[in-house]
Amino acid sequence: CGPQNAFIQKMVDFFWNVGAPETEIDKLNDVGALINPSKIGSWIDMSEKGGMDGGWFFPVEITIKLGLAAGDPGDPTTMVEEWATKHGVEQSYSVGRDMGAAPPRQTEIFLRLPGSEVSAQIEMALDAFTSFRFPDIPQAAIDILKEQSKAGICLSVITSAEGFVRLGILVPTPASDCVDALCDVVGASKDEIHSLESAIQSSGPAFVEYQHLIEGFGYGVYNEGFDVVFHYSLN
936 CGPQNAFIQK
946 MVDFFWNVGA
956 PETEIDKLND
966 VGALINPSKI
976 GSWIDMSEKG
986 GMDGGWFFPV
996 EITIKLGLAA
1006 GDPGDPTTMV
1016 EEWATKHGVE
1026 QSYSVGRDMG
1036 AAPPRQTEIF
1046 LRLPGSEVSA
1056 QIEMALDAFT
1066 SFRFPDIPQA
1076 AIDILKEQSK
1086 AGICLSVITS
1096 AEGFVRLGIL
1106 VPTPASDCVD
1116 ALCDVVGASK
1126 DEIHSLESAI
1136 QSSGPAFVEY
1146 QHLIEGFGYG
1156 VYNEGFDVVF
1166 HYSLN
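Counting from 936, one number per residue, gives the positions in the sequence shown under the numbering used here.
The hints are simulated quantities; they were obtained by calculation from the structure and are not laboratory data.
Only true hints are included.
Capping the alpha-carbon separation at 25 Å, the derived lysine-lysine pairs in DSS-like fashion look like this: (1) Lys1085 - Lys1125; (2) Lys1021 - Lys1000; (3) Lys962 - Lys974; (4) Lys945 - Lys974; (5) Lys1000 - Lys974; (6) Lys1085 - Lys1021; (7) Lys1081 - Lys1021; (8) Lys945 - Lys962; (9) Lys962 - Lys1000; (10) Lys1125 - Lys984; (11) Lys1081 - Lys1125.
Using the sequences and the hints, build the whole thing.
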């Protein structure tokens, strides 16, 4: 990450050199001019099935209206705006977009849920799953979400011109027993998670994300349906 005036042209040049579509280069420039972020960054996403994607993001506080301008017009954008108005969600703290060679392009916006009551934030997040017509989260995961969550819950929404792509509920600093319980829900290896934490000298995830990837958007290399993702901060 870094100040826009120092890095945005370098980022544009990088994506141009690796063959990103010209329309997406223009989109990066246009959204950058609209938001004028104090920081910008790039990301790479890889999966054990051989998936790889990359793109840009602006980790700055902006209005939802500005954040959604990074995406493609359509029903998902309208539905997110309507849901946000209903729940008094006004700010996004990060927005980004993928720069893959083939459409549909995907735009991710992170929303900080208002209030300090954990139960209210959980109900708000679960209402997003209903409002955006995602399948219900498995009951075993909902039980853990309700029993072990802390205030500060956020939402990750990924949209495209072809509809919603992924929706995630991010809960801060899950305890070790929460991590273990969620591994059991999705059939993941607790030992591998704890080995990773030891290797990176981490006391635990910064966030756990309860997410659902819509069928057809995994492209054979990302897990579709419900999954749990642990986010770690590296010092």
